[in-house]
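Please model the entire structure based on the sequences and the hints provided.
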Amino acid sequence: MRPGATYTGPRVPQSVARGLQKALNAPDTPLSVLENGSSWRCMNGEAYACFVGANLPCEAQANTERTPTQEESEFCQQSRNADFIPAAVTGRETVFEWRCRDGAPEIVRQVFQPDAQGFLSEIWYKVNPN
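So for the sequence shown, our numbering puts the first residue at 2; every next one is plus one.
Pairs of lysine to aspartate or glutamate, DMTMM-like flavour, derived with a Cα cap of 20 angstroms:
#, residue 1, residue 2
1, Lys-23, Glu-47
2, Lys-127, Glu-47
3, Lys-127, Glu-36
4, Lys-23, Glu-36
5, Lys-127, Asp-116
6, Lys-23, Glu-123
7, Lys-127, Glu-60
Derived by calculation from the structure, the hints in this document are not laboratory data.
As structure tokens, this is what we get:
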């Protein structure tokens, strides 16, 4: 993901990687790791960056759908009263925590908020690329 259609610079500039390194409080993380595993974009005149890390859905829009998917329904048919439905089933971009109740998917609570562009705000960090 790049900040705009007219941008022609590196995929993740070192200045953005440095800003993300600081935002993540990860001074020992090599810049090359952040440059190769991150996305960045502009929002409201500010630069934001996301490090994929543990399979974070940096480039996916937040899923705010409250209707269970077929996969969630099938999971709950197999695990009728599961305390949670794994992210591998719900998708990592969902804003909700899901569980199974008597064989049906149910929202427990909302755990993430979409930002102004529809991405998960909790995984995107405002960075100062200067």
